[in-house]
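Protein chains: 2
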Amino acid sequence: MEKFEITILGCGAALPTPRHLSSSQIVNVREKLFMFDCAEGVQTALRRSRLKFSHLNAIFLTHLHGDHCFGLIGLLSTLGLLGRTADLHVFGPNNLVNVFQPQIDFFCEESPFRIILHEIDSKQHSVIYEDRSVEISTIPLSHRVPCCGFLIKEKPTLRHIRRDAIDAFGIPVSQINNIKAGLDYTSPDGDVIPNHLLTLPPDPIRSYAYCTDTTFKPSNADLLQGVTALYHEATFSSEQSLLAKKTHHSTAAQAAEIAKLSNAKQLIIGHFSSRYEDENKLLEEAKKVFTNTLLAADGKRIIL
Amino acid sequence: MEKFEITILGCGAALPTPRHLSSSQIVNVREKLFMFDCAEGVQTALRRSRLKFSHLNAIFLTHLHGDHCFGLIGLLSTLGLLGRTADLHVFGPNNLVNVFQPQIDFFCEESPFRIILHEIDSKQHSVIYEDRSVEISTIPLSHRVPCCGFLIKEKPTLRHIRRDAIDAFGIPVSQINNIKAGLDYTSPDGDVIPNHLLTLPPDPIRSYAYCTDTTFKPSNADLLQGVTALYHEATFSSEQSLLAKKTHHSTAAQAAEIAKLSNAKQLIIGHFSSRYEDENKLLEEAKKVFTNTLLAADGKRIIL
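Top line first, the protein sequences correspond to chains A and B. Residues in the first sequence are numbered from 0 upward in steps of one, following numbering that gives the first Met the number 0. Residues in the second sequence are numbered from 0 upward in steps of one, following numbering that gives the first Met the number 0.
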């Protein structure tokens with residue numbers, strides 16, 4: 000299977016601690032790296048992860064609270080010092096340009112690469128990035144400021160060639176790509192060999208949803224239906240559900256409820272309040288609702 | 000002796016690494032904390048140091064290159080979340096207000112404390128902060144952008160009472176503060192006991208100079224004369240002296256030459272280029288010129 004791998008660089012909430020950086024992740028789809036949120040210290044975490052700075056393809060910010068974006072200017076600055084020349088696109092909600100363009104103009108004046116800021120409409124579900132491997136769309140969330148999550152969906156891969164059948168029917172090499180793409184084969188004598196005899200189905204399409212920060216928003220289950228892995232914020236335990244409501248965050252049980260309604264294959268909870276010394280309390284709470292849940296941790300890698 | 004203690008939070012140059020945060024230090028004078036430079040990740044390093052966020056008194060930025068100030072907005076934001084109410088003064092060169100006021104207005108809108116930015120003239124030596132314990136003045140440096148170091152000098156302490164003499168002369172308790180302040184004692188009979196019989200001299204006045212980033216600037220030796228400890232950047236070894244000149248940095252030997260010309264008691268070198276895996280090379284180079292040199296390290300504490 001082609002690579003589809005998540006590296007969690009930070010999964011703490013507003014107050015970074017020596018244990019947790021604030022929100023930042025890398026999604027590696029076929030060796031292109033996409034960054035989701037960009038907390039203070041993200042460049043050092045990225046270096047620690049041994050992922051390649053040069054493979055960074057685009058950056059997506061859910062919202063403009065500091066714990067999701069204070070690492071952006073440092074990262075952009077470092078990419079310049081490292082000699083990047085490829086354009087870098089940064090997507091984020093309202094005010095992205097207001098807030099970051101002046102900083103970029105001042106601190107990245109000598110940047111050897113172009114930084115292109117894109118303000119996205121966080122209230123609409125729409126595709127905002129697409130290449131031949133992946134499609135990235137927004138998931139409207141409900142927080143104190145404009146905020147959206149992201150759905151990362153790989154493009155369909157080709158069908159798998161059955162080596163034995165190719166040999167048995169004497170298919171020429173020149174036809175292999177057509178057959179992988181699903182075409183039948185017509186021999187020089189006019190015999191038609193149907194594709195299903197020559198191939199096996201492609202790998203199933205994998206998807207990953209990154210949903211933070213948000214109140215409990217079950218209406219998103221539609222958009223998230225059948226997602227391979229769902230990262231959902233679980234800032235608080237249910238004991239703090241009033242506080243969660245007040246601050247527009249979710250509890251671990253609510254994150255799990257979203258995973259259940261979405262028929263997700265796997266749930267990863269994160270964005271932990273610094274009050275929890277032991278996040279297993281949150282894990283247990285979520286697992287009661289959705290069994291296949293795991294705790295995010297800084298540096299953790301999840302292969303889809 | 001009263002507390003005068005330096006904690007190095009970061010001593011790397013432009014590129015932060017897992018080994019070195021960029022420039023940031025805390026100087027603790029009698030339990031008031033003064034921060035010098037404020038690199039990305041400084042708030043986590045401060046937490047690790049176990050120094051008290053609530054004792055932070057003022058922040059001083061040498062210049063507005065990212066590796067000296069990208070941690071400011073995160074720190075200010077966190078101080079707000081921690082409920083600080085005391086005013087916080089931030090000193091820095093030209094453009095401090097241009098660059099940081101908009102960020103503060105956006106990200107610290109709900110800050111429970113006032114953040115007051117002071118632009119200082121980095122070309123002049125002048126006292127910019129004073130309280131009853133300490134005086135902080137600027138040291139003009141020569142870098143690619145407006146930049147100044149800082150000289151932190153404690154205020155004179157009182158003379159030490161000689162308990163034995165006080166008892167022998169039968170001095171009343173009410174007179175002790177006057178005698179500590181240097182006055183003679185006149186007894187009810189009119190006898191004058193000279194102060195030098197009743198006291199020992201006060202502790203010598205300690206000072207600390209923080210000089211980064213700068214080319215070799217020997218004219219500063221005058222201002223730095225007799226400094227107790229000098230922190231001086233030593234970005235490169237002498238092998239890279241052309242690069243040092245071009246980028247307006249100093250070599251380890253040049254840092255040591257400044258310490259020697261200044262008759263400093265101790266030199267601490269830092270702001271190491273990330274190219275050096277082993278900074279002992281820089282230490283050896285400096286020690287050839289100035290013996291009492293030590294290498295900065297993240298988390299290192301130096302008691303004056």
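By construction, these hints were calculated from the structure, which means they are not laboratory data. Incorrect hints may appear among the rest.
[What the hints assert, rightly or not] Within a straight-line C-alpha distance of at most 25 Å, the following computed DMTMM-like cross-link-like pairs (lysine to aspartate or glutamate) qualify:
| no. | chain 1 | residue 1 | chain 2 | residue 2 |
| --- | --- | --- | --- | --- |
| 1 | A | K244 | B | E108 |
| 2 | A | K244 | B | E109 |
| 3 | B | K245 | A | E108 |
| 4 | A | K245 | B | D104 |
| 5 | A | K245 | B | E276 |
| 6 | B | K122 | A | E30 |
| 7 | B | K244 | A | E30 |
| 8 | A | K299 | A | E30 |
| 9 | B | K31 | B | E276 |
| 10 | A | K51 | B | E276 |
[Stated by the list, open to error] Partial selection, computed: residues in chain A whose CB lies under 7 Å from chain B:
| no. | residue |
| --- | --- |
| 11 | A13 |
| 12 | P15 |
| 13 | G40 |
| 14 | T43 |
| 15 | R47 |
| 16 | L50 |
| 17 | F52 |
| 18 | S76 |
| 19 | L80 |
| 20 | G82 |
| 21 | Y275 |
| 22 | E283 |
Quick caveat, the model's predicted, so the values are computed rather than measured. Glycine included, every Cβ here is placed at the ideal spot set by N, Cα and C.
The hints, checked one at a time:
no., hint, result
1, K244(A) <-> E108(B), "21 Å, holds"
2, K244(A) <-> E109(B), "19 Å, holds"
3, K245(B) <-> E108(A), "18 Å, holds"
4, K245(A) <-> D104(B), "23 Å, holds"
5, K245(A) <-> E276(B), "49 Å, violated"
6, K122(B) <-> E30(A), "49 Å, violated"
7, K244(B) <-> E30(A), "40 Å, violated"
8, K299(A) <-> E30(A), "18 Å, holds"
9, K31(B) <-> E276(B), "35 Å, violated"
10, K51(A) <-> E276(B), "20 Å, holds"
11, A13, "6 Å, holds"
12, P15, "5 Å, holds"
13, G40, "4 Å, holds"
14, T43, "5 Å, holds"
15, R47, "5 Å, holds"
16, L50, "14 Å, violated"
17, F52, "11 Å, violated"
18, S76, "5 Å, holds"
19, L80, "6 Å, holds"
20, G82, "12 Å, violated"
21, Y275, "16 Å, violated"
22, E283, "27 Å, violated"
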